[in-house]
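Student: Residue-level listing of the chains:
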Amino acid sequence: MPNGRERAADILHGPEGQEIYFRLVRYADMLARIYGWRTGAVLPGSASPRSIVHDVVVKVLEGTRSWDERKEPALLNALKGMVRSEIGHLYERVEESLVEPINVVLPDGEERTGDFFPSTKLHPGGLNPEQHLLRQERTKLEFAALNLLLKEIEGNDDLESVFLALHETDSPSEIAAKTNIPIQRVYSARRELDRIVARIPLARVVRTARKENEHDRQE
Amino acid sequence: MTDKNKKSDEVARFLDNLMSFLADDDLRGKDLAEDLRARGLNPDHIADELRDLLREHAPTWSEKAERERLSALESFTGARETVHRPRMKTVELIKQVVEQMRRLGAPVTAGAYHQKFQEASDTDLESLLEDLRTQYELLNSQKNKDAQ
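Residue numbers (numbering that gives the first Met the number 0), protein chains in the order written: chain A, 0 to 218; chain B, 0 to 147.
One chain only, chain A, in its complex shape:
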């Protein structure tokens, strides 16, 4: 029986090989975009969704990453898992490098120290001030992304229903059941949502988050 490496090579050489590769690039592009929104950063170094897909496939073909067909029979799904893990690690490293000094004088003259972060006083085992700050930043970016998405889907009933259901589940069949929308229309909404996601650049999310931040400070 051929090993995962040989099987992967056979499949990629076969009639579905190109489609698998295209879909993988598309998936990496979507993931990198949403991770980017959430961290306010692009992929570090010279990495791109395409280069990540390329490297993952090379690793599988060379045997440095293994595909166990008994555990995951679909090569595309196995590769997607690897791509997701690679992109996740890269963004974790970005977050680790985004540590802001705690002891600073804010623009309004107020001095910020570790005491500025109440959670560390109340929960000493919880997030440290730097992690707390990162989490705050991330939350602002996530809210900004959510608001931009909301604006884009406004007026489209199916999209609005799917959007709401996504707060509870990621499964198309469960979304169909929750919203009473036929599954084919859920799939159409997915395609539309995917196009909307691809249209929202990172810069727009960062700009929106900054504006909302300024607005909050003024209040």
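No lab work stands behind these hints: they were computed from the structure. Predicted, not measured: the structure shown is a model, and the values here were computed from it. Each residue gets a CB set at the ideal place from its N, CA and C atoms; glycine is no exception. Be aware that a few hints might be false.
Cut-off 16 Å, straight-line C-alpha distance, at most; resulting in silico cross-link-like pairs (EDC-like, lysine to aspartate or glutamate) [stated by the list, open to error]:
#1 B:K3 with A:E136
#2 A:K177 with A:E159
#3 A:K139 with B:D8
#4 B:K29 with A:E18
#5 B:K29 with A:E15
#6 A:K139 with B:D2
#7 A:K139 with A:E213
A few chain B residues that don't get close to chain A, going by computed Cβ distances all over 12 Å [claimed, not checked]:
#8 E98
#9 M100
#10 S126
Got chain A sorted already, so can you dock chain B onto it with the hints?
Tutor: Positioned in the frame of chain A, the structure of chain B alone reads:
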């Protein structure tokens, strides 16, 4: 948990679900290529990338055979270039090629080469042998063509 934390957890969960929801797609063929274009990605370049990647890291039997053929050819050429023959053997080989050329009707002045054998370095002799072989192969192929 404060309201703010609860809300931020909800948004994080929404985005996690969105990523999983969008992970699957039912696009095929032209639609898939079109979708890549809409993302600013060139499907032709991506297809080339896959082809190159497979050729390098998972070559087919015919690609492997071609690669081995080229590598053998290179090593053969290299070996021919670096082989160290005794001087007398090279002279003998030159004489053989000259004789073969003479049989083909090519006017080769043996005396001129004889002079060279005395003065030339080993490298010059190897070079002369190479040169004569090439000339012989050309003459031979021309003669075969004429015969047809």
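Student: Evaluate each hint against the coordinates.
Tutor: Cross-check of the supplied hints:
For the suggested pair B:K3 and A:E136, the alpha carbons sit about 13 Å apart, so the restraint of at most 16 Å is met. A distance of roughly 13 Å separates the Cα atoms of A:K177 and A:E159; the hinted pair therefore holds under the 16 Å criterion. Pair hint A:K139 plus B:D8 holds up; C-alpha atoms about 12 Å apart against a cutoff of 16 Å. The straight-line distance between the Cα atoms of B:K29 and A:E18 is roughly 10 Å, inside the 16 Å bound, and the hint therefore holds.
Restraint check: the Cα-Cα separation between B:K29 and A:E15 comes to about 14 Å, which is no more than 16 Å; the hinted pair holds. For the hint pairing A:K139 with B:D2, the CA-to-CA distance comes to about 15 Å; that is within 16 Å, so the pair holds. With a CA separation close to 11 Å, the supplied pair A:K139 and A:E213 stays within the 16 Å bound. With a closest Cβ-Cβ approach of about 52 Å to chain A, B:E98 is found to remain outside the 12 Å limit, as its non-interface label requires.
Every CB of chain A lies more than 12 Å from the CB of B:M100, the least distance being 49 Å, so the non-interface label holds. Its beta-carbon lying about 43 Å from the closest one in chain A, B:S126 satisfies the requirement of being farther than 12 Å from that chain.
Of the numbered hints stated above, none is contradicted by the structure.
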